[in-house]
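Guided by the hints, dock chains B and C onto chain A, whose structure is given.
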Amino acid sequence: MTAVLHNPVFREPESMSGATREIEFRDALREAMSEEMRRDKRVFLLGEEVAQYDGAYKVSKGMLAEFGARRIVDTPISESGFAGMAIGAASMGLRPIVEFMSWSFSLVAADPILNNAPKMLYMSGGQLGCPIVFRGNDGAGGQLGSTHSWAVEGLFSNVPGVKIVIPSCPADAKGLLKTAIRDDDPVFFLESERLLSIKGHVPEGEYLIPFGHAAIRRAGKDCTITAWGRPVAFALEAAEILAKEGIDCEVIDLRTIRPLDLPTVVQSVRKTSCAVVVDQSWSFASPGSELAAQIHKHCFDDLDNFVHRVHSDDVPTPYSSKLEQEYLPNVRKICEAVRSATYRA
Amino acid sequence: MPIEITMPRLSDTMEAGTVIKWNVKEGDSVKSGSVVAEIETDKATMEMQCFDDGRMAAILVEPGRQVKVGTPIALVALEGEDAARVKASGVRSSAPAPVNAAAPVAAAAPVAAVAPAVAAAKPAIIVQTETRHGMEGFPVESDDGPRMRVSPVARRMAQEHGISIDAVAGTGPAGRIIKRDVEQAIENKLAAKSASIAPAQALAVSTGGVQTNSSPLALALPGRNVALSGMRQTIARRLVESKSTIPHYQVTMKFDMDRLIDLRGSYNEKLKSSGVKLSVNDFLVRACALAMAEHPYFNASFAGDHVRLHEVVNIGVAISLPEEKGGGLVVGVIKDADHKSLRQISADTKNLAEKARTKGLSVQDMSDATFTISNLGMFGVEHFTAIINPPNSAILACGAAVQQPVVRGGQLVVGTQMQATLSLDHRVIDGAMAAQYLASLKEFIEEPETLVV
Amino acid sequence: MTHSMAPTNTSSPTQTGGPRRLPSLPPATLVKWLRELHLIREFEVRCMQSYQEKKIGGFCHVYIGQEAIAVGCTAAVRPEDPIVTAYRDHGHALARGMTARACMAEMFGKIDGCAKGKGGSMHMFDRPNNLYGGHGIVGAQTPLGTGLAFATKYEDEVLNDGKNRRVTLCFLGDGAVNQGAFYETMNLAGLFDIPVIFIVENNGYSMGTAINRGTTMSHDLCIKGRAHGLKEATIDGMDLLAVYHDMHALAEWCREHSRPAIVDMKCYRYKGHSMSDPRKYRTREEEERHEANDPIGKFERVLLDHGVVNEGSIKEIMTSCREEVRDAVQFSNENAEPPMSDLYTDVFVEPWGRFPGSSQPTFTGGADNVCTFRATDGKEGLV
Chain A
1 MTAVLHNPVF REPESMSGAT REIEFRDALR EAMSEEMRRD KRVFLLGEEV
51 AQYDGAYKVS KGMLAEFGAR RIVDTPISES GFAGMAIGAA SMGLRPIVEF
101 MSWSFSLVAA DPILNNAPKM LYMSGGQLGC PIVFRGNDGA GGQLGSTHSW
151 AVEGLFSNVP GVKIVIPSCP ADAKGLLKTA IRDDDPVFFL ESERLLSIKG
201 HVPEGEYLIP FGHAAIRRAG KDCTITAWGR PVAFALEAAE ILAKEGIDCE
251 VIDLRTIRPL DLPTVVQSVR KTSCAVVVDQ SWSFASPGSE LAAQIHKHCF
301 DDLDNFVHRV HSDDVPTPYS SKLEQEYLPN VRKICEAVRS ATYRA
Chain B
1 MPIEITMPRL SDTMEAGTVI KWNVKEGDSV KSGSVVAEIE TDKATMEMQC
51 FDDGRMAAIL VEPGRQVKVG TPIALVALEG EDAARVKASG VRSSAPAPVN
101 AAAPVAAAAP VAAVAPAVAA AKPAIIVQTE TRHGMEGFPV ESDDGPRMRV
151 SPVARRMAQE HGISIDAVAG TGPAGRIIKR DVEQAIENKL AAKSASIAPA
201 QALAVSTGGV QTNSSPLALA LPGRNVALSG MRQTIARRLV ESKSTIPHYQ
251 VTMKFDMDRL IDLRGSYNEK LKSSGVKLSV NDFLVRACAL AMAEHPYFNA
301 SFAGDHVRLH EVVNIGVAIS LPEEKGGGLV VGVIKDADHK SLRQISADTK
351 NLAEKARTKG LSVQDMSDAT FTISNLGMFG VEHFTAIINP PNSAILACGA
401 AVQQPVVRGG QLVVGTQMQA TLSLDHRVID GAMAAQYLAS LKEFIEEPET
451 LVV
Chain C
1 MTHSMAPTNT SSPTQTGGPR RLPSLPPATL VKWLRELHLI REFEVRCMQS
51 YQEKKIGGFC HVYIGQEAIA VGCTAAVRPE DPIVTAYRDH GHALARGMTA
101 RACMAEMFGK IDGCAKGKGG SMHMFDRPNN LYGGHGIVGA QTPLGTGLAF
151 ATKYEDEVLN DGKNRRVTLC FLGDGAVNQG AFYETMNLAG LFDIPVIFIV
201 ENNGYSMGTA INRGTTMSHD LCIKGRAHGL KEATIDGMDL LAVYHDMHAL
251 AEWCREHSRP AIVDMKCYRY KGHSMSDPRK YRTREEEERH EANDPIGKFE
301 RVLLDHGVVN EGSIKEIMTS CREEVRDAVQ FSNENAEPPM SDLYTDVFVE
351 PWGRFPGSSQ PTFTGGADNV CTFRATDGKE GLV
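Protein chains in written order, with the working numbering: chain A, 1 to 345; chain B, 1 to 453; chain C, 1 to 383.
Calculated directly from the structure, the hints in this document are not laboratory data.
A quick note: this is a predicted structure, and the numbers were derived from the prediction, not measured.
Check each hint, because a few of them may be wrong.
To be verified - So, partial list: chain C residues that the calculated Cβ filter (under 8 Å) puts toward chain A:
(1) Lys116
(2) Lys118
(3) Gly145
(4) Gly147
(5) Phe150
(6) Thr185
(7) Asp346
Claimed, not checked - Now the in silico label distances, taken between C-beta atoms and shown as ranges:
(8) C:Pro128 <-> A:Gly145: 22 to 30 Å
(9) C:Met340 <-> B:Leu221: 13 to 21 Å
(10) A:Ser146 <-> B:Glu187: 48 to 56 Å
(11) A:Glu237 <-> B:Arg357: 52 to 60 Å
(12) C:Asp220 <-> A:Ser146: 37 to 45 Å
Each residue gets a CB set at the ideal place from its N, CA and C atoms; glycine is no exception.
If we strip away everything but chain A, and leave its shape as in the complex, we get (with noise of 0.2 Å):
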């Protein structure tokens, strides 16, 4: 664990004593969502099924049966209009949380998300702030062609005023989820349709992750591989065949990309000499390359090769299932990334 942790609120997921159980990643989005509603009053969730149809992907199944459709609310398909009338609603301090169905379709909510919700604070001098949650699927789903593949952290992590989320397993789901609904800024809750249905063993008792803390999920002093959401996984898979090759891998997953943990990186990074980022979003202008960069100035008289990237190729996501796992980030372009990096190539 990166810090030692003495609040009973903020606490990590392995920190918890007492039982645990497996459950998917959607249950823990829904408990996380419930938990906060059954807290707080303020707190409710819109979107398109959210309510009668119980989530397009189930996230909320059940939920409108305990809450009721004040809180639970069914929109129509007009993500400029909700997500605008969300944010409205949070200036006026309700908190409330937008699915988006996928991420792919908050592009039309362009304008609301990313020009109301994140600079009302600053714009009205700091009367106005905008305590919102915006979540659903991000990154390719599966085959599911161009326009509705979008890992938008590529475009939204520009702007400055959001905190951005990408949780990889179901614990931290649950915990940074809670931590976004409390928080009083506007958060960007980045899941996956292709983690939804992985099972994690998820405390029974409260917890909260505070923003910001990576965790480090391998140790390793060869080469340190940062990466966050879905391709946390492909990156410890990968560290496992490098080990057998003598390659010792430190996988840092960091769980918020703004705010974003550096010192946890750069520390790594001075250990190993060597670094390899892995970002699902174009590389051009990207977390990725801003990781790299920052990792560039604070490491530069540590670094034994230039940081290595991996990222999704520079063409729109294709269709064909053999096409779209080459173009995404995936074991063996991790492997080749580590050992370029490593000299071992």
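Chains B and C alone, transformed into the frame defined by chain A:
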């Protein structure tokens, strides 16, 4: 107060404007909102309105003339003000105004002059940066031949270990010198050093081969890391080797120091004029050296299948280095100590200590100790044990001489005593032998006159 | 659901200010409104002047000619009813009670501006007076305004058990009528029974484009709301008394029924779209025709006819407004610019994490891994 109408800014990019036409003459009355002139901007011809009620007292800029935004172009006399007087005084005070059209230009000039200089300086820096970090696949040749490629961490490590980067062969892409190349060079250097220097002259000589940079006991707690100096690495390596390969054991004895201290006092009194000041340690060095005649195994080295008894007696003295010199520990060697007088030993020790703490001891100064003394008495330590300095067979750890109750002839009296502890290589020296050596030392120390003759 | 409700107009376009409505209002209120009209106009005139003197930067859109709308609509609702508007927002701010100093200092980009100099002309925010901005992107405030109303309804239904029954005024220009977000918003408002009134300040031009050149069915903008079941009203925005009475009736109806409405508020913008607009797209004759219908002159005549004011008291009002605005300009001139440190504040309410101020970490290097959190909202720090 009459109102000064200035050339308005009529678009976000407008810097200067031209009065196309005045709609009023001097003396005409004007109202807030009335259009008094037409102004040509960079974009369009716009109407200029007046913001106050009054009488046009003076028109300062004639049609067709371009002036900067902000330049006074007319004066308006407000209700109750005399237009003629406003014109007379206003034109005088504003007289430079139309002429002043040049003023803003002049003011802007220095800025303009500076700006290109700054702009010019910037690209120069950028070009330099790009050259220095020429990317892979973009061959960059400087005038003085092919560029040397070194990874940043390799460059830093080479510097820290005093390795000339030119001498390192790069194995990275395009011959880039990378971390493992420098690590190899460091290893080579250490191996060469330990081969050229006879084993074990001083602690600060590497033997290599012993893993010292692992940190199995490191705690995951807040803290900071301090890089090991070359000396610290050597100490770590050699003492791990000593303690883990030599079967150590310790034997302690107390010595009455009253007479030695008295004698030292009287000598120092007598020798004051010649600048000599003997220390207790000088007596100990001589005592240990003289005792070797009777106890040759204390002046010996274990050599695998035999024990080497040395003919010369070279007593090593551990010298701690001050923090500002990076701290650490070296052993200065007093050669042929059994043939040296107290005065000579004292002088040698002072020289070694001085040299160690200023410019550093030479390999010569640290070589060939056959026995070592470590003394923490000056720090008030009464008892401690030391690690043998290989390939010696023993080391003596001396504490402070302290006053304490002693029984002499059945009487409790105040005496001054010192504890000294031998650490011994059991492969060479057995317990009884150690006791006998200490007994000889005791004789010398408690009858210190024997050390003088 | 009240979708089946037959749309009705609460008024037909009115001819002149209705003296018949006057007796119901106390004279002090009428004088207060007259002063607000003059204050806004004087403020806007001095904004133009200050813009031309380069004291005000960026874009600047003045409200001259439309003053009766902000004054009348604000008077027609309760102070706690939220208001949101677009970028031609100085008039709404002043009508809602923002001081001329705070408003002008914001225009000047100074520290005592309503948004500490961070918003500017287009972004007047005044939370204590329930003004939720000036918004710069055409039409962007319409979902926000609906959100404000959604929140008031949610407060009543989920949090407070129906106590406040607030209604939200969301102003927009006739140009915003063609933005997609507006249609999405009207649909949501109709669907969710949201008490929001979309007041289209229809001054006939979206920048330089006359309404009939950019908008279908432009003779009656209420038609735009009809498909979403909005209550409709067409009001003469140049007549303060008509604005007040009709808006008051409409707002009370929306409050009572928790339903949205749309208002085609007919008006005219005397000046250009912004300060750099030469107004070549219309004739001087057209402008003069509308200037003859000036809302301030019209209201003054009604008050003079009824003896509420006389020439002298009108002059007093004008002088006092001039003094107040002159003071605001002088204050703004002398007011300090925001300190450099303000550049980095108000980015986040909770800059917690290791990086205060923003997501851009200030990294000091070294092996020190101690991190501290600012405690906010009961959240404790961790080390």
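A quick look at each hint next to the structure:
Checking lysine 116 of chain C against chain A by beta carbon gives a least distance of about 4 Å; that is within 8 Å, so the hint holds. Here the hint on lysine 118 of chain C is kept, as its CB sits about 5 Å from the closest CB of chain A, short of 8 Å. Annotation: interface hint on glycine 145 of chain C holds; nearest CB of chain A at approximately 6 Å, less than 8 Å. The beta carbon of glycine 147 of chain C comes within 2 Å of a beta carbon in chain A, closer than 8 Å, and the hint placing it at the interface holds.
A hinted interface residue such as phenylalanine 150 of chain C counts as satisfied when its beta carbon comes closer than 8 Å to some beta carbon of chain A; here the least separation is about 5 Å, so the hint holds. This hint holds: threonine 185 of chain C has a C-beta 5 Å from the nearest C-beta of chain A, less than the 8 Å allowed. With a cut of 8 Å, the hint placing aspartate 346 of chain C at the interface with chain A holds, because the nearest CB-to-CB distance is about 4 Å. Taken as a hint, the range 22 to 30 Å is violated for the pair proline 128 of chain C and glycine 145 of chain A, whose Cβ atoms sit roughly 50 Å apart.
For the hinted restraint 13 to 21 Å between methionine 340 of chain C and leucine 221 of chain B, the CB-CB distance of approximately 39 Å leaves it violated. Between serine 146 of chain A and glutamate 187 of chain B the CB atoms are about 53 Å apart, so this pair conforms to the stated range of 48 to 56 Å. Checked against the hint of 52 to 60 Å, the C-beta distance between glutamate 237 of chain A and arginine 357 of chain B comes to roughly 57 Å, which is consistent with it. Separation of aspartate 220 of chain C from serine 146 of chain A is about 43 Å and conforms to the stated range, judged on CB atoms against 37 to 45 Å.
Checked against the numbered hints listed earlier, the structure breaks hints 8 and 9; every other hint is satisfied.
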